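Asks: The task is to assemble the complex, starting from two chains supplied on their own in separate frames and drawing on the hints.
Chain by chain, the residues:
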Amino acid sequence: EAEVAQSPRYKITEKSQAVAFWCDPISGHATLYWYRQILGQGPELLVQFQDESVVDDSQLPKDRFSAERLKGVDSTLKIQPAELGDSAMYLCASSFGGKNTEAFFGQGTRLTVV
Amino acid sequence: AQSVAQPEDQVNVAEGNPLTVKCTYSVSGNPYLFWYVQYPNRGLQFLLKYITGDNLVKGSYGFEAEFNKSQTSFHLKKPSALVSDSALYFCAVCNTGNQFYFGTGTSLTVIP
Chain Y
26 EAEVAQSPRY KITEKSQAVA FWCDPISGHA TLYWYRQILG QGPELLVQFQ
76 DESVVDDSQL PKDRFSAERL KGVDSTLKIQ PAELGDSAMY LCASSFGGKN
126 TEAFFGQGTR LTVV
Chain D
545 AQSVAQPEDQ VNVAEGNPLT VKCTYSVSGN PYLFWYVQYP NRGLQFLLKY
595 ITGDNLVKGS YGFEAEFNKS QTSFHLKKPS ALVSDSALYF CAVCNTGNQF
645 YFGTGTSLTV IP
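Protein chains in written order, with the working numbering: chain Y, 26 to 139; chain D, 545 to 656.
Any given hint could be a false lead.
Stated by the list, open to error - Incomplete in silico selection of chain D near chain Y, CB under 8 Å:
1) Pro562
2) Gln643
3) Gly649
As the list claims (entries may be wrong) - If you want a taste of the chain Y side facing chain D, the calculated C-beta under 8 Å gives, among others:
4) Trp47
5) Val79
6) Val80
7) Gln132
No wet-lab data here; the hints were simulated from the structure. Computed from a prediction, not measured in an experiment: that's the story for all the values here. Note that CB positions come from ideal geometry on N, CA and C, so glycine has one too.
Same shape as in the complex, but just chain D (with noise of 0.2 Å):
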């Protein structure tokens, strides 16, 4: 079974500072890995994703995802955060059969 766990229910970040969202993944086989981002009553934005090859994958908006095998982990990161980066974040996993599952989600806040 395939799984992912976002640990943090909140982010907060000062604007121009660094921010990183963390994801862990469970999979039997090889993670296809996903990014989305959604702001208020609206749908789910795509960001990046891992297939396979560069562990660093590079994505929408600035974002830039890590892939860490050892570490069963794909943390999302920005070198320096917006505040109109403020949003909720989910981290994903894509099975054999092309369906998705989604993390608990992640509350971003960059402050002025």
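Okay, chain Y solo, but in the shape it has when bound (with noise of 0.2 Å):
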């Protein structure tokens, strides 16, 4: 069955550094988006991608995140630098962007920033 892959799967930076996460949506999805999820509260979107668009990043803290999705097919999420306060679940999802087709989600990354 095909899924959503994204590494790494942890990661662990001090305050301050730079942290990149990447995510590998299903064969032929055309949608991409980035969720933040912290502990104890839903997921909360940061950015949706049409293939190598973004569709709304207005949730983005863009003074310290960027998101790209260049080729239309895999994504990478940077945070420059990382706060404590970023600590948490990063899940990246895809879907065929059909309307209300269901997302599927990867595994996420849990970050911890020390």
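Replies: As structure tokens, this is what we get:
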């Protein structure tokens, strides 16, 4: 069964350092999402791509976060510099992008900033 | 604006008993509703969705959900709970831009 791949699974970094997460969506999925999930809360959308274009990044803290999907396939989310409050699970998801199709999630990257 | 609410942080149920996890929604226009399950340190797994049609939706692992327009609810149900159903459950609504908005989650514990 096809899956959304994310790496790394776990990342510990010191504050003020740069960190990057990678996501490979299910083949053929045009829509890709990055979500942040703080412990005990529901996922919150950071950025949504349709192919290589950003559809919505209104909740992305652009002073320190950036996301790209250059060829419309895999994607990278970067944080620079990391802050203690960035500690969370970062989830990538993808979907065909048709109206109201379900999103499939990767296993996530657990980030701890120390 | 779209949103969902999960009024219970925690639900406990005995193994073999029916379970219900509650969700209410607030949307403008037609509601597109989803349930996901999350196991510890894992991503979310899709369980089921309501787009249109029959109010009772059947999904994975024996789960079903009942859409109730008058009560603006979309409760998740299972006739007989298993210990392995213990997990975090999220209700979500999808807007016309295909963006998913999640509730705060309900932790389900099935007691042997």
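Asks: Holds or violated: the hint that Gly649 of chain D contacts chain Y, with Cβ atoms closer than 8 Å.
Replies: holds (5 Å)
Asks: Taking the least C-beta to C-beta distance, is Trp47 of chain Y closer than 8 Å to chain D?
Replies: violated (15 Å)
Asks: When the nearest CB of chain D is found for Gln132 of chain Y, is that gap smaller than 8 Å?
Replies: OK, holds: Gln132 of chain Y within 8 Å of chain D, min 5 Å.
Asks: Next item in the hint list is Gln643 of chain D. Is there a CB on chain Y closer than 8 Å to its CB?
Replies: holds (6 Å)
Asks: Return the status of the interface hint for Val80 of chain Y: holds when the least beta-carbon distance to chain D is below 8 Å, violated otherwise.
Replies: holds (7 Å)
Asks: For the hint on Pro562 of chain D, just tell me whether its beta-carbon gets within less than 8 Å of chain Y.
Replies: Violated, about 25 Å.
Asks: Against chain D, with CB atoms and a cut of 8 Å, does the hint on Val79 of chain Y hold up?
Replies: violated (12 Å)
Comparing the model with each earlier hint shows violations of hints 1, 4 and 5; every other hint is respected.
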